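Listed below are the residues making up each chain.
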Amino acid sequence: METVIKTKDLTKRFGDFVAVDKITFEVHKGEIFGFLGANGAGKTTAMRMLCGLSRPTSGEAMVAGVDVYHHPEEIKKNIGYMSQKFSLYEDLTVLENIKFYAGVYGLTDKQIKDKSDELVEKLGLQKQAKVLVKSLPLGWRQKLAFSVAIVHQPKIVFLDEPTGGVDPSMRKQFWDMIYDASEMGITVFVTTHYLDEAEYCDRICIMVDGCIKALDTPFLLKQKFKVDNITEVFYQLARTAKRGD
Amino acid sequence: MSAIILDHITKTYNKKTVLAVDDISLSIETGELFGLIGPDGAGKTTLFRILTTLLLADKGTATVVGNDVVKEFHKIRGIVGYMPGRFSLYQDLTVEENLNFFATVFGTTVKENYDQIKDIYSQLEPFKTRRAGKLSGGMKQKLALCCALIHKPEVLFLDEPTTGVDVVSRREFWEMLKRLKAQGITIMVSTSYMDEATLCDRIALILGGKILSLDTPANVIKAYPEKLYAIKSPNMHGLLKDLRINDDILNCYAAGEYIHLSLKKPGKENEDLLLQHLKEKGETDLEFKETIPTVEDCFIRLLGKQDGNSN
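The listed protein sequences derive, respectively, from chains A and B.
Here my numbering is used: the first residue of the first sequence is 15, the next is one more, and so on.
Here my numbering is used: the first residue of the second sequence is 20, the next is one more, and so on.
Hint data in this document are derived by calculation from the structure and do not stem from the laboratory.
Just so we're clear, the structure is a prediction, and the values are computed from it rather than from any experiment.
Be a bit skeptical, because a hint or two may be false.
Between beta-carbon pairs, the in silico distance windows are [to be verified]:
| # | chain 1 | residue 1 | chain 2 | residue 2 | range |
| --- | --- | --- | --- | --- | --- |
| 1 | B | D267 | A | D23 | 27 to 37 Å |
| 2 | B | D267 | A | P151 | 25 to 35 Å |
| 3 | A | G79 | B | G286 | 47 to 57 Å |
| 4 | A | L106 | B | K324 | 27 to 37 Å |
| 5 | B | N289 | A | K124 | 18 to 28 Å |
| 6 | B | L112 | A | Q167 | 39 to 49 Å |
All C-beta atoms, glycine included, are put in the ideal place defined by N, C-alpha and C.
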């Protein structure tokens, strides 16, 4: 199995505060990897390091074959990123957003045109192609944001709470897109607070106070903790947190 | 007595081209914990804004604790607490300063009403000199709740207070709501977490500005008309694909560990037929059982009916 993310004792300190504390893990190609933890557990900090946005204090990390210390810029070409807070330009239309991202990621004019047509059709947004993104419902925006995050066929896509506030029906459609991306060989690294979604991941990792406290398939985690759902696993672990969030 | 009454409220935006709230009538009793469940764009926030007197309805009337939202907006503003969906405290003020600010605006002091927020604020106190913008999601939400409570409101409006909040903090938050309810405060809360819906006294499922269903969570579940099944296999995504192309299936979707599905013609014979069919497709180790619907199942069913598709 090809490894696309590999860390060893990866650590980030802010002054005395250890936000991420020696995390060691691997993620495989095409895997859907759920990254869970309470607010303040260190998920976003860890993710920022893996995306080349924040320089680690110590430890090692290779992402898509690139070292995060020495070539953070190189990483950005190989990954896609989407967060709940910012992903799309609200004052650009659907089509303009697709073209903008495709352009930023260096696709040719021909590729941009083909890709735009393809995405608009795939998302069923033909009627809304020229509508400003801000007037789209959140669920649609998130599906579009995910599509543009993988417009350049990255090796890995990082999704930071992509489904926050989205209704259950749309969340399920969003997860269909995640499965499709995974089948195309794109590795999906995803955080969520909806623990039913943890069940849809190949493996999940639960962070508590900056450390990885559990990492396995949902099935084996439930078995290990002798509970019948991931919420209880999460609850048992997160309750041990000492850090005020 | 009803704490909140909406009577044929309609609201449009953009020169009447966008219908946000479509002729909604409902009443919420004093001391009730009432949940608004619906997707983004359903009209939840518009309702909150009309009831908190920040927005005028096109048609219809509404009252909060007997006060008309148009004529007596001033009275309403003094007796309600509102936690908007977007974090709306002053990011550059500290925890303490925000709280003092809101107390002062409402003509009171933190000291005078401290008992109202003590439970919640005690968890924030170690961080009282931290700027609000630097707080984590869970703490921001606790502070926002304190600021909405500091003037001892009779009615509390909470617009998606737990979006982006982890499950541990969400449980704590709902424990707090229970305690506030026990004090007799009326609470109207919206959420996209279906597990929270079951913690409300009554819920309204809202979509496209209309109420699709309004009852206690137990009755909403009881009204689910079809037999619902849960199925799982070691290859869940493949299984879902197989189910989607099966003509005997009315509806199917992932639901955590299982896939939930309903059959066009339920019954033992068709259940066996489905399992047989799936085995032919190469599915092994299938677990299949009848299951009790959740609020999420009810909601998805209503959404599907609205979209005119069953998937």
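request  = Return the numbers of the hints above that this structure violates; sort them in rising order.
outcome  = Per hint list: 1 and 5 violated.
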